[in-house]
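K.L.:
Chains as they are written, first to last, in this note's numbering: chain X, 1 to 200; chain B, 1001 to 1093.
I should point out that these hints are in silico values taken from the structure, not numbers from a laboratory.
Just so it is clear, the structure is predicted and the values come from calculations on it, not from any experiment.
The beta carbon of each residue, even a glycine, is placed where N, CA and C say it ideally should be.
To spell it out: a stretch of chain X is covered by chain B in this simulated footprint if at least three of its residues, at any positions, have a beta carbon under 8 Å from a beta carbon of chain B; those stretches are:
id: 1; stretch: 57-63
id: 2; stretch: 68-77
id: 3; stretch: 80-94
Partial list, computed: chain X residues near chain B (C-beta under 10 Å):
id: 4; residue: M1
id: 5; residue: L2
id: 6; residue: I10
id: 7; residue: E13
id: 8; residue: I53
id: 9; residue: V97
id: 10; residue: Q99
id: 11; residue: A102
id: 12; residue: F103
id: 13; residue: R105
Between beta-carbon pairs, the in silico distance windows are:
id: 14; chain 1: X; residue 1: D51; chain 2: B; residue 2: A1069; range: 45 to 55 Å
id: 15; chain 1: B; residue 1: V1049; chain 2: X; residue 2: S108; range: 26 to 36 Å
id: 16; chain 1: X; residue 1: L21; chain 2: B; residue 2: L1080; range: 15 to 25 Å
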Amino acid sequence: MLNLDNGETIILEVRKHWIVLVSQVIASILMVVLPLVGFFVLRSISPDVLDLIPHGTATFSFLYFAWLMVVWIVLFIQWTNYYLDVWYVTEKRIIDVEQKRAFHREVSSIRFDKIQDITVEVKGVIATFFNYGDVRVQTASEDSRDFSMTVAANPERIRKIIFSQHNRESERTQRVRIVDEDHDGVPDHLQFKGGGTDGV
Amino acid sequence: MRHPSKVCYDGRMPGYMPDLIPDGVSLSLPSFKAFLGASFVVFLVLYIVVSAVLVFHWRRYGMHSRSVALAEAVFGIVSLVLAGSAFLAFSQL
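One chain only, chain X, in its complex shape:
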């Protein structure tokens, strides 16, 4: 649920690189595989161990499927946290959305004319190879905080798009209203209103 102005559209969605999910997926795979491995190892060492509990194999299967459901939902909680942390770049501004926890969401926005600098940092072989890095948008205002995203996907493209939007905003001509209250054909702001000697 994003409140965009009339005619405002999203040009770019910026998220972290998919590599941040890799460690979580690997952990999930380990949590799925290890109980199975443990079960078969235990059965090979001591085949009678499952006889200690009624219908040992069926009980283990039941508990294992319940465990898989836990792993599955934890994985999707992590994915949701990843997916809902996003920058939306529109024609007018950047909207920074951060999902901190369930039912705790922080949304900030900054207009392009308030942007002072954009810094991109790509550090290391893996970051270079997979094309991810840190992007920081510095603002001119002391009241608003800088926007930053670590492990952002395709950081150079992000910088390019934000920079071009910033330049477009800066170069846009503004309409000026000329005031001439005494109707003498000379705009008021060009009239000399002082009473002193010329040239002094």
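The hints should help you fit chain B onto chain X, whose structure is shown.
P.N.:
Then chain B, alone, in the frame of chain X:
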């Protein structure tokens, strides 16, 4: 003289297994199954609540994207399969 390995600590005949379960306590299958069933029901309720929270966030903040729609479908289908498999295993008890 008895072989040392054939002498149990309490002096009873070899092959005797001391009682692991105290007298009066029964680990019969019906009570075990009932306990597992009740636990599974509680677990399912919690699972449904957390799933509802996830779906709420996807619908509200997901901007109706295709990724979110795909995630919802995959999550729902696999959850149903896993829950069905758990229930099937439970019915084998």
